[in-house]
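**Q** All chains should be modelled from the sequences, with the hints used to inform the complete structure.
Single-letter residue listing:
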Amino acid sequence: MNAKMYQDKVVLVTGSRRGVGKAIAEHFLLNGATVLGYARQEATIEHPQYHHFMVDVGDPDSVVRGFAALKKVTDSIQIVVNNAAVLTSQYSMIMPPAAAQAMVNVNLMGPFMVSREAAKLMRKRKWGRIINIGSMAASLEPIGDSMYAACKAGLSTLANVMAKEFASMNVTCNTLGINAIESDMLSQLPRDKIEEIISGLPIARFSVSDDILNVIDFYASERSSSITAQTVFLGGVN
Amino acid sequence: MDAELDSLSLVSVIVDVEGDISDLLSHSISLTDDRAMSQEISPFSNVKSLLAYIMILAAEGAR
Chain X
25 MNAKMYQDKV
35 VLVTGSRRGV
45 GKAIAEHFLL
55 NGATVLGYAR
65 QEATIEHPQY
75 HHFMVDVGDP
85 DSVVRGFAAL
95 KKVTDSIQIV
105 VNNAAVLTSQ
115 YSMIMPPAAA
125 QAMVNVNLMG
135 PFMVSREAAK
145 LMRKRKWGRI
155 INIGSMAASL
165 EPIGDSMYAA
175 CKAGLSTLAN
185 VMAKEFASMN
195 VTCNTLGINA
205 IESDMLSQLP
215 RDKIEEIISG
225 LPIARFSVSD
235 DILNVIDFYA
245 SERSSSITAQ
255 TVFLGGVN
Chain F
79 MDAELDSLSL
89 VSVIVDVEGD
99 ISDLLSHSIS
109 LTDDRAMSQE
119 ISPFSNVKSL
129 LAYIMILAAE
139 GAR
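So the sequences go chain by chain: X and F.
Just so we're aligned, residue 25 is where the first sequence starts under my numbering, counting upward by one.
Just so we're aligned, residue 79 is where the second sequence starts under my numbering, counting upward by one.
Check before you lean on any hint, since a few could be wrong.
Okay, derived cross-link-like pairs now, EDC-like style, lysine to aspartate or glutamate, Cα gap no bigger than 16 Å in a straight line [what the hints assert, rightly or not]:
(1) X/150 / X/50
(2) X/144 / X/216
(3) X/144 / F/98
(4) X/144 / F/101
(5) X/33 / X/83
(6) X/148 / F/82
(7) X/28 / X/50
(8) X/96 / F/84
(9) X/217 / X/165
(10) X/95 / F/101
(11) X/144 / F/96
(12) X/33 / X/241
(13) X/148 / X/208
(14) X/148 / F/94
(15) X/150 / F/94
(16) X/188 / F/84
(17) X/144 / F/111
(18) X/95 / F/98
(19) X/150 / X/189
(20) X/148 / F/101
(21) X/95 / F/96
(22) X/144 / F/94
(23) X/148 / F/96
No lab work stands behind these hints, which were simulated from the structure alone.
**A** Now the structure itself:
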């Protein structure tokens with residue numbers, strides 16, 4: 025891999041403080057990108073090319089304010105990774121409505137707003153890559169994940185429609201359906217339940233960061249200009 | 079019926095105007111928020127109504 029493959033790229037990563045989002049942000053930084061990170065709390069990344077913005081992607085006004093702030097740093101964004109997500113796993117009949125609403129706000133409305141605002145910048149240079157971090161839950165539809173799975177399924181649909189709307193701007197929109205990876209989010213779920221699901225997959229192991237970064241690089245590549253409205257699942261989920 | 083812009087071109091015009099006016103005023107205005115879309119007379123009915131709505135937003139921003 026070219027060590028500076030993203031040297032001229034400005035990348036926005038939501039949920040950049042920890043877990044998958046942090047790994048993705050650090051990957052782009054390592055490869056020369058300028059990274060703009062959105063998260064509700066203070067930065068956990070220190071790097072001269074990292075710019076942190078305290079944004080709640082579940083709040084549309086916060087997203088708009090976040091874009092106003094980042095325009096003071098840059099007038100362009102080439103790549104967006106919609107990673108921020110929240111998860112409450114619970115039987116539907118006892119799922120607190122506020123928790124369900126929070127998932128809609130962060131997991132679906134957030135990517136919509138971020139993609140919407142980013143596309144306005146991407147269209148000026150007629151180049152862009154929007155990458156949504158989905159989940160195996162969208163396909164496997166596990167008990168307890170009704171709203172989470174619905175949001176992640178919706179995320180693919182969101183990308184597919186935006187792919188049509190943004191195609192003339194040379195902006196692609198794709199989704200990566202990740203499976204279990206060691207993270208704070210995963211630790212919220214019963215370990216035995218996760219292991220049971222993973223053991224039933226064709227590739228019966230937890231994902232590692234490079235499994236995710238491999239697909240991110242594929243979607244972000246200059247060569248992937250005709251790859252749009254696609255969802256790739258890890259681990260053999262389909 | 080006599081439109082000379084297709085729908086995507088109209089979207090592009092709105093986004094361009096929004097961006098250019100924001101730059102001109104040095105503060106962000108939004109032509110695509112809930113308020114704009116719920117005006118009794120749509121700002122996008124014609125150029126005059128769009129201009130009138132932009133003037134309202136500009137005046138609010140100047141306060």
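**Q** Indicate, hint by hint, whether the structure satisfies it.
**A** Now the hints, each set against the structure:
1. X/150 / X/50: Not OK: residue 150 of chain X and residue 50 of chain X at ~26 Å, beyond 16 Å, violated.
2. X/144 / X/216: Not OK: residue 144 of chain X and residue 216 of chain X at ~44 Å, beyond 16 Å, violated.
3. X/144 / F/98: holds, 12 Å
4. X/144 / F/101: At roughly 14 Å apart (the allowed maximum being 16 Å), residue 101 of chain F and residue 144 of chain X satisfy the hint.
5. X/33 / X/83: violated, 27 Å
6. X/148 / F/82: Distance of about 22 Å is beyond 16 Å: violated.
7. X/28 / X/50: Status holds; Cα separation ~13 Å.
8. X/96 / F/84: Given pair residue 96 of chain X, residue 84 of chain F is violated - Cα atoms ~33 Å apart, limit 16 Å.
9. X/217 / X/165: Holds: residue 217 of chain X and residue 165 of chain X sit about 13 Å apart, inside 16 Å.
10. X/95 / F/101: holds, 11 Å
11. X/144 / F/96: Status holds; Cα separation ~10 Å.
12. X/33 / X/241: Holds, at about 13 Å.
13. X/148 / X/208: violated, 37 Å
14. X/148 / F/94: holds, 9 Å
15. X/150 / F/94: holds, 14 Å
16. X/188 / F/84: Judged against 16 Å, a Cα distance of about 15 Å means the pair holds.
17. X/144 / F/111: Holds - the C-alpha atoms of residue 111 of chain F and residue 144 of chain X are around 14 Å apart, at most 16 Å.
18. X/95 / F/98: holds, 13 Å
19. X/150 / X/189: The given pair, whose Cα atoms are some 13 Å apart, holds under the 16 Å limit.
20. X/148 / F/101: Holds, at about 14 Å.
21. X/95 / F/96: Given that 16 Å is the threshold and the Cα spacing comes to 14 Å, the pair holds.
22. X/144 / F/94: holds, 9 Å
23. X/148 / F/96: Given pair residue 148 of chain X, residue 96 of chain F holds - Cα atoms ~13 Å apart, limit 16 Å.
Comparing the model with each numbered hint stated earlier shows that hints 1, 2, 5, 6, 8 and 13 do not hold.
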